[in-house]
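A.B. asks: Protein sequences appear in the order of chains A and B. FYI, in full-length UniProt numbering the residues of the first sequence are 1 to 398. FYI, in full-length UniProt numbering the residues of the second sequence are 1 to 398.
Watch out, some of these pointers could steer you wrong.
With a straight-line Cα cutoff of 20 angstroms, these simulated SDA-like cross-link-like pairs (lysine to any residue) come out [stated by the list, open to error]: (1) A:Lys94 with B:Gly46; (2) A:Lys191 with B:Gly46; (3) A:Lys10 with B:Tyr97; (4) B:Lys10 with A:Lys94; (5) A:Lys10 with B:Ser169; (6) B:Lys10 with A:Tyr322; (7) B:Lys319 with B:Pro301; (8) B:Lys57 with B:Lys10; (9) A:Lys193 with B:Lys191; (10) B:Lys191 with A:Ser18; (11) A:Lys191 with B:Gln11; (12) B:Lys191 with A:Gln11; (13) B:Lys395 with B:Asp9; (14) B:Lys10 with A:Pro198; (15) B:Lys319 with B:Tyr97.
Reference excerpt, derived from the structure (chain B facing chain A, CB under 8 angstroms, subset only) [stated by the list, open to error]: (16) Ala4; (17) Pro6; (18) Arg13; (19) Pro37; (20) Val39; (21) Asn40; (22) Val45; (23) Leu51; (24) Pro52; (25) Ala54; (26) Met55; (27) Leu59; (28) Val62; (29) Arg234; (30) Ser239; (31) His392.
In short, the hints are calculated from the structure, not lab data. Predicted model only: the values in this text are computed from it and were never measured. Virtual Cβ for every residue (Gly too), placed ideally from N, Cα, C.
Protein chains: 2
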Amino acid sequence: MVGAPPPPDKQLRFDDGSYFQFPAMRWSVSHFRQLMPTVNVSRGVGAPVPLPRAMRKDLDAVRFVPLGAKSSMTWEESLAANYTDGIVVLHRGKIVYERYFGVLNERGQHGAMSVTKSVTGTLGAMLVAEGRLDENKRVAEYVPELASSAFGNATVRQVLDMTTGLQYSEDYADPNADVWIYSQAGSPLPKPKDYTGPRSYYEYLQTVRPQGRHGAAFGYKTINSDALGWIIARATGRSVADLLSERIWSRLGAEQDAYMTVDSTGTPFAGGGLNTGLRDLARFGELLRNNGRFQGQQIIPKAVVDDIRRGGDKEAFAKAGYDLLPGWSYRNMWWVTDHPDGTFMARGVHGQRIYVNPQAGVVIARYASHPVASNSANDPTTLPAFDALAQHLMKKPR
Amino acid sequence: MVGAPPPPDKQLRFDDGSYFQFPAMRWSVSHFRQLMPTVNVSRGVGAPVPLPRAMRKDLDAVRFVPLGAKSSMTWEESLAANYTDGIVVLHRGKIVYERYFGVLNERGQHGAMSVTKSVTGTLGAMLVAEGRLDENKRVAEYVPELASSAFGNATVRQVLDMTTGLQYSEDYADPNADVWIYSQAGSPLPKPKDYTGPRSYYEYLQTVRPQGRHGAAFGYKTINSDALGWIIARATGRSVADLLSERIWSRLGAEQDAYMTVDSTGTPFAGGGLNTGLRDLARFGELLRNNGRFQGQQIIPKAVVDDIRRGGDKEAFAKAGYDLLPGWSYRNMWWVTDHPDGTFMARGVHGQRIYVNPQAGVVIARYASHPVASNSANDPTTLPAFDALAQHLMKKPR
């Protein structure tokens, strides 16, 4: 959307859905707030804490073999292959690499998509560590409105690890998937006159029916994150956006406010609505790498990071059938590898990612607009690329 | 809108208009972005420049006589009378007084309403001072799409000073006033199926018919500011939001990003869509008081401030019949008094205001949510209050 006004064939409108088709999406993911209502996640009003820089010129040439491929590719080539909008690499807390493409720049904010879940999960795990949430209690004890839904008799822990048994399909490629009904419920736009469905995230969550047994298998379903958001709101009296500002974003040295999209009742989309500056996303990853400490303050309890790093139930995870993620698990809404280097990640559709490699001292934050939603489309050129870069940085300390 | 979810009778929705009725408005004016799409006005990513503090405890007791009243009132009493959401007073560049009420706080952003016009007007006047806009040229030379509208043969100067002859009523108390059609055109919401009117600010501007003679009289009409916004966008290739960030907001020491509401084509509302933190609004006023200089940089040409301070055509202004503003004029979208202290103001409906008193070295920024839109409702308890405070501060230097 450039021009005064943009030419008609370049105008994007939230209500016709075209804004989220590729290539229009490349603009939209950096301009969500221009398409819909949002709520601020304040960084506070003090001075940001600049990330130190020790730029490396040798990283572009690092080679890796994409999953399932025969020939190798360079790090630099992977940036285009993954439709990268922006990427920053921290090594031992210093920026060693930073690039922007397309319409994103250092002053912009980009949709984090499901990376939001890891942020919401971190807040939930913080409340558990502090004893403000009991992970063994049933969801209905915190949110009575969910008692007769599938969430009602799930534990907070099962929600945190997405091992709930829920009848809910999140296949973005299927136009009849529940995710689209959910999306409609959460849309802040006025509903059509003949609309009879749920009118907010919370209304939808109350309609979810059970499927399978809680605790039996990992099932990646966004609605768990929003149920957690509701639990958090009830336990703290704060929305996820306000709590995130209060507990993390204003204590992180962030250089920009973040924001979250909201539904028509003002509820932030805890499963996918966060938008941040790229370097601030890296700051969040770096905070995890440092076991929750920043400038001498324990912002996230170390126990939370330890718990994420231990990972979740691998057997339950294996049942979900992620061929590209063998041995992985899901804990507190983070994706945890079985690599000895202790790597864990936040992952969002279209290529959003935080990569934390404790052994290598590497954090990578990436915003992207890959035409294919599922990360299985970019994992082949992402997972080995990130690992190769971490290996390279470990070998050649400066 | 508080609660998870807010109770039904406390939910506000953009599409039913109730959000802008008092008292709901007291929440809405501090949460516009939660109700509609917006565009960011970046402060950049560096450190803010804190405003020094020299708080005064003697100001609350300062007395003044409201216009048309017989008995006096204290400064502190005026805050409630004006439904103040936040007010900050600078004396010689230092904060001497700062208060927040209701839902606004130092981390919040509030709608500046028509104070936006003075910001847009300042940008326009900067371009004139730099020779990038010729104030004597016709609007149609910059925006050919406006050639057959009433704007087409008006000069840029007439637009800047709102002495255009336009058929347009801005009486908020009249439900049939043009301002409501304009508002509908600029709404980012999907239009009803049977809607046949203009679908954006720019589409509306092209429909405006002439009334009277350009240059003859001051007529306070928001559409002049949006026409100026269009002229600015064409002259610079930047939207008002981007230009404001680039030229002022990122050079002002601002502590928060500002934002502007947008229409469905992404055009920022140059006539009323700006939202800022209160102290940042004061920083903008202070910049004007310092003749456009900040930390040794000439951010706004001194000629622009001189031009504002000289004021506009008093005779043209008098024809508009503002009984409470005798001898005033309007220049570059600022309201200029005839006081010997050189005071000029930015004014927005429901009590938004920037007050710059060069002689007293006083800048006041106020956000408010007075139930009555017109400033004539709060001028009686505002104009003499601000002047009394300035007098008091002049008398008692610290």
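A.B. asks: Compare the structure with each hint and give your call.
C.D. replies: We went through each hint and held it up to the structure:
1. A:Lys94 with B:Gly46: holds (17 angstroms)
2. A:Lys191 with B:Gly46: violated (41 angstroms)
3. A:Lys10 with B:Tyr97: Measuring from Cα to Cα gives roughly 48 angstroms; hence the hint is violated.
4. B:Lys10 with A:Lys94: violated (47 angstroms)
5. A:Lys10 with B:Ser169: violated (33 angstroms)
6. B:Lys10 with A:Tyr322: The hint is violated at about 44 angstroms.
7. B:Lys319 with B:Pro301: violated (31 angstroms)
8. B:Lys57 with B:Lys10: It is violated: about 37 angstroms lies between the C-alpha atoms, which goes past 20 angstroms.
9. A:Lys193 with B:Lys191: holds (13 angstroms)
10. B:Lys191 with A:Ser18: Holds, at roughly 17 angstroms.
11. A:Lys191 with B:Gln11: Holds, at roughly 15 angstroms.
12. B:Lys191 with A:Gln11: Within the cut-off at roughly 15 angstroms; holds.
13. B:Lys395 with B:Asp9: violated (50 angstroms)
14. B:Lys10 with A:Pro198: holds (18 angstroms)
15. B:Lys319 with B:Tyr97: violated (37 angstroms)
16. Ala4: holds (4 angstroms)
17. Pro6: holds (6 angstroms)
18. Arg13: holds (6 angstroms)
19. Pro37: Interface hint status for Pro37 of chain B: holds (5 angstroms vs cutoff 8 angstroms).
20. Val39: Nearest chain A Cβ about 5 angstroms off; hint holds.
21. Asn40: The hint holds - Asn40 of chain B has a Cβ within 8 angstroms of chain A, the shortest such distance being about 7 angstroms.
22. Val45: At 4 angstroms from the nearest chain A Cβ, Val45 of chain B passes the 8 angstroms test, so the hint holds.
23. Leu51: violated (11 angstroms)
24. Pro52: Nearest chain A Cβ about 15 angstroms off; hint violated.
25. Ala54: violated (19 angstroms)
26. Met55: Violated: closest Cβ of chain A sits about 17 angstroms from Met55 of chain B, beyond 8 angstroms.
27. Leu59: At 23 angstroms from the nearest chain A Cβ, Leu59 of chain B fails the 8 angstroms test, so the hint is violated.
28. Val62: This interface hint is violated because 28 angstroms lies over the 8 angstroms limit.
29. Arg234: Nearest chain A Cβ about 6 angstroms off; hint holds.
30. Ser239: holds (7 angstroms)
31. His392: violated (28 angstroms)
Hint check: violations occur at hints 2, 3, 4, 5, 6, 7, 8, 13, 15, 23, 24, 25, 26, 27, 28 and 31; the rest are consistent with the structure.
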